[in-house]
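Trainee: The primary structure of each chain is shown beneath.
Number of protein chains: 2
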Amino acid sequence: MVTVSTRGASLPASPIRKLKPFADEAMAKGKSIYYLNIGQPDIETPVNMLNVLKKLENKVIPYGPSQGLPEYQDALIKYYNRHNINLTRDQIIVTNGGSEAILMALTVCMDPGDEVIIPEPFYANYNGFAVASGVVIKPLTTVLENNWKLPSIEEFEKQITSKTKAIMICNPNNPTGKLYGKEDLLKIAEIAKKHNLFLLSDEVYREFIYGDEKYTSLINFEGMQDRVIILDSISKRFSACGSRIGAFVSKDPAIMQAALCYAQARLCAPTIDQLMAIPSVELNECYFEETLGEYQKRRDVVVEALSDMEGVDFKTPDGAFYIIISLPVKDAEHFVKWLLVDFDINGETVMLAPANGFYSTPGLGENQVRIAFVLNEEKTKRAMNILKEGLDEYRKINM
Amino acid sequence: MVTVSTRGASLPASPIRKLKPFADEAMAKGKSIYYLNIGQPDIETPVNMLNVLKKLENKVIPYGPSQGLPEYQDALIKYYNRHNINLTRDQIIVTNGGSEAILMALTVCMDPGDEVIIPEPFYANYNGFAVASGVVIKPLTTVLENNWKLPSIEEFEKQITSKTKAIMICNPNNPTGKLYGKEDLLKIAEIAKKHNLFLLSDEVYREFIYGDEKYTSLINFEGMQDRVIILDSISKRFSACGSRIGAFVSKDPAIMQAALCYAQARLCAPTIDQLMAIPSVELNECYFEETLGEYQKRRDVVVEALSDMEGVDFKTPDGAFYIIISLPVKDAEHFVKWLLVDFDINGETVMLAPANGFYSTPGLGENQVRIAFVLNEEKTKRAMNILKEGLDEYRKINM
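In order, the protein sequences belong to chains U and Y.
So in numbering that gives the first Met the number 0, spot 2 of the first sequence is number 1, and the numbers just go up one at a time.
So in numbering that gives the first Met the number 0, spot 120 of the second sequence is number 119, and the numbers just go up one at a time.
One should not assume that every hint holds.
If several chains are the same, the list does not tell them apart, and a pair holds so long as it fits within one copy or across any two.
[What the hints assert, rightly or not] Result set (DSS-like, lysine-lysine): computed pairs, CA atoms no more than 27 Å apart in a straight line:
no., residue 1, residue 2
1, Lys-17, Lys-192
2, Lys-77, Lys-19
3, Lys-19, Lys-387
4, Lys-77, Lys-58
5, Lys-336, Lys-77
6, Lys-148, Lys-378
7, Lys-17, Lys-250
8, Lys-17, Lys-213
9, Lys-162, Lys-380
Since the hints were made in silico from the structure, they are not lab data.
Please construct the entire structure, taking both the sequences and the accompanying hints into account.
Mentor: Okay, structure coming up:
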């Protein structure tokens, strides 16, 4: 019998999706589930994007250029320009979601066995892409108690070896909701310069910042232009997760040349979805303010509800739409399953993501879960109530 | 300065797409170009697929399940059933085009440094995916003079080392148009069994067979169920190249488990494009007969025109919609560029794909090009006339 490769066997199941069979089972038994495990917002995709489909007159759905439809590249140039990121077409490759941009970056920057430093907890799917590309993640632990603050330069440098090729951050952060400010970014830029590392900058939550701090991209720091790759996506920005339209952005010609070869191998990103993304550039400040206001309300509901739960610890997120909380249970994954299988209030329950899959260091995050505040206020309130009641009952049984 | 990885620097430019800048330059000067370099058919995408877009009532474009929308998986089950391939949902993962299925297969079956045997010339983008995944392609040369016949079992076995994990074929073949019959497949199955290898079976041209031979999939041969992976796509079948909807199919649970983990990391294939693909299953025998008839006419035009060109050698394709021809020139790539830059008939010229990029062995295919017969009869006739006249003029200048 043939056996799958070592890396094939090492590919982790997504902590966000692996408990879906338990959810399906619960649904089959008639339960309703509030899905706070996955970053799938219930915000509507903008009408001007959806209208593209109605008006489409194509008789053939053809390949587009490997780097993306020029019209969509131009829309992206306008969009980034508003964020003080000045680009030309040859500095942008449209990708199959932010996901492909991540895999592309790991492949283009690193060879099998090379290392990338990532503050943990981190977006769980980085693990899958690292295994697939043979790249080794060296995690740098950040902790809830210290408000997920980045470690010191010395701590970063302890992780650096001759194999280290890059630092990767997600800012604002999924899964912690932490926003790294200018001081943090300067620190990372300094380390990257000193040790000649790539900086992979996952900025898909750029617009989701709840405080007064303005967003700055690593690409705008001095001396960073030849080492930063922005990994981006319209999934969350325009609530179009299923469109699978992302972007790989760099100002370094050698990086873009290698990325273009990768892009040519897989031909192109989906044509219709790119066409749909073009008018997104017309969405103005009002759209983003309204959306942000909506997420802020949800965040506030979550934070208020959590404050009222005994033994639950957390820090209020500054950005993105996630929060990692620590629970007064030993095994958060067991609790998440229990909520799906054995608990409900009037036929309703809630699904969360066990946080251990967001850590690379074994044993961390075992009593934590990630909550995505992607449902409207009313639903979020009900979901949080289920969590509170569930937690009380679970502790009675399991303590 | 940071430098891209060894594999990043080794990623080959697509031989199908790398001369596009010369085509763009010619277009900018007002020339019209017949694109016979790329498998982008002018056949219309079926109306029942396009109509899905008009009728779409989604207010949100959400993620789908990582393995694909269940409704589309069910459509695929029906489709494969007609080809005597009986599947269940958990034996199918919907991918971002056939491209992703290829990369997924290489990753799941092989570790960096492992080897896959592929008869050459082969679909050029296998090269890019092999470099990206660290897999080594061991080519097994087939030659025009012998009608692209598969080498003997002995020749195959000469390529097998302790690192060999798989054989990969494309049948009917891109770029040669060769159809491997039952005898060929039995040979491959025998070798795979004897040496315990995976069989990666690229079957995207399944319906495009011009003779009387019926298509058989490797998955239906005895003892092959636990080692065959079908790599598939709707791009050519339904002229929907820009939809980026492919499939990864296997009956082996361990393969599917690893592939599902890979699929979870990149979340899902595009939702709208999957919805659009669902009614493709309703297209009946008439659709395929009509489409095949159209391609057969085009093939016949190409073959007739080529027969009339001095010094041009070729074999009539049995399947797919490509042909590799050898030209009476030293450097086919130079000739292809010359056609774009320096030649036209009444402002029209033709673009071909230099064939050297379809070989892995250095030096092979230098005087060959691939022609994709993807344009209607009239356009194909004109394009072939441009090729003939161009060839005559080029030989006058370069001999």
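Trainee: Confirm or reject each hint.
Mentor: How the hints compare with the structure:
Proximity of Lys-17 and Lys-192 under a CA criterion of 27 Å is satisfied in neither setting, with 39 Å inside one chain copy and 34 Å between copies. Taking CA atoms no more than 27 Å apart as the test, Lys-77 paired with Lys-19 passes between copies only; the shortest distance there is 25 Å, against 39 Å inside one copy. Only within a single protomer do Lys-19 and Lys-387 lie at most 27 Å apart by alpha-carbon distance; the minimum there is 22 Å, versus 60 Å between protomers. For the identical chains of this complex, Lys-77 and Lys-58 are inter-copy neighbours only, at 26 Å across copies versus 29 Å inside a copy, given an alpha-carbon limit of 27 Å.
In the homo-oligomer, the alpha carbons of Lys-336 and Lys-77 never lie at most 27 Å apart, since the shortest distance is 45 Å inside one protomer and 34 Å across protomers. Neither within a single protomer nor between protomers do Lys-148 and Lys-378 lie at most 27 Å apart by alpha-carbon distance, with minima of 31 Å and 63 Å respectively. Taking the shortest alpha-carbon separations for Lys-17 and Lys-250, only the inter-copy value of 21 Å comes in at or below 27 Å, while the best intra-copy value is 37 Å. For a Cα distance limit of 27 Å, the shortest separation of Lys-17 from Lys-213 qualifies neither inside one copy, at 36 Å, nor across copies, at 41 Å.
Taking the closest pair of Cα atoms, Lys-162 and Lys-380 never come within 27 Å of each other, the shortest separation being 47 Å inside a single copy and 56 Å across copies.
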